Amino acid sequence: MNYRDMKIEKLYYVQDALCGWCYGMSPVIARLYEEHRQDYTFEVLSGGMIRGNNVRPISGMADYIRQVEPRLQEITGVKLTDTYHREVLDKGTYLTNSEPPAVAMAILKEQYPELQVPLAAAIQKLHFEEGKDLNEVEAYMTVVRAFGADEDGFREKFNDSNYLEKARREFELVENWGINGFPAVVCQAGEKLYLVARGYQPYDQLTQTLEQVRQEAAAAGK
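For the sequence shown, the UniProt record's numbering assigns the number 1 to the initial residue and increments by one for each residue that follows.
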């Protein structure tokens with residue numbers, strides 16, 4: 001498949017830092033990014049899965065997460081770590097709120113627009129692998145340092161309402177696209193958007209769908 005012949009200009013990965021299936025999709029998107037980042041632009045959008053009246057302690061959904069975990073591991077190959085179980089599920093006090101990690105993502109992708117895919121993956125690993133509380137600014141410092149961002153600047157922006165507004169605008173954009181489940185992949189060809197994936201897709205299926213979209217976009221452009 002020659003991606004350089006595509007009329008697709010941008011690929012949007014719509015995810016939420018607290019979404020287990022997005023965590024499972026992360027290696028798939030990472031591979032696509034590594035193999036094809038020279039072929040089109042990648043942008044990560046935060047979906048805002050849990051916010052407003054839905055913000056609550058994880059204890060209310062911990063049993064559900066434990067129930068779906070075997071299926072998540074079987075289908076995607078990812079595993080929720082013992083640390084995540086101990087620090088997040090077992091304690092049950094973590095306040096699930098998609099806004100803080102979306103704010104963190106908005107800050108970092110503004111500084112590193114070409115690294116949005118690895119940034120999103122790194123933030124998810126903080127939660128699902130290290131059991132970090134993503135509501136706390138200090139939870140992000142290992143990622144901030146790893147990518148070479150300014151720590152004090154990040155702390156200041158994390159509490160800046162302008163970045164919360166940026167995150168909320170992303171939520172609104174995703175809603176306007178009619179996407180209410182995550183992960184999702186959308187590509188842009190000219191003025192048209194194409195839904196490539198709704199929910200988890202393995203790499204081969206995702207690239208096959210992208211090829212079908214490429215052909216459709218090319219035909220529409222003739």
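Errors might be hidden in some of the hints.
Across the chosen pairs, the derived CB separations fall in these ranges [to be verified]:
id : residue 1 : residue 2 : range
1  : E156      : Q212      : 40 to 50 Å
2  : L95       : Q212      : 23 to 33 Å
3  : K125      : E191      : 27 to 37 Å
4  : P113      : E172      : 33 to 43 Å
5  : Q212      : N162      : 31 to 41 Å
SDA-like, lysine to any residue: derived pairs with alpha carbons at most 25 Å apart [claimed, not checked]:
id : residue 1 : residue 2
6  : K125      : T93
7  : K79       : N162
8  : K91       : K166
9  : K10       : N53
10 : K79       : A121
11 : K79       : L95
12 : K192      : K79
13 : K166      : R155
14 : K192      : K91
15 : K192      : Y203
16 : K10       : V55
17 : K192      : I75
These are computed hints drawn from the structure, not numbers from a lab.
These numbers were taken from a predicted model, which means no experiment stands behind them.
Every residue, glycine too, gets a C-beta built ideally from N, C-alpha and C.
Which numbered hints fail
Violated hints (numbers, rising): 2, 4, 7, 8, 9, 12, 14, 16 and 17; every other hint is consistent with the structure.
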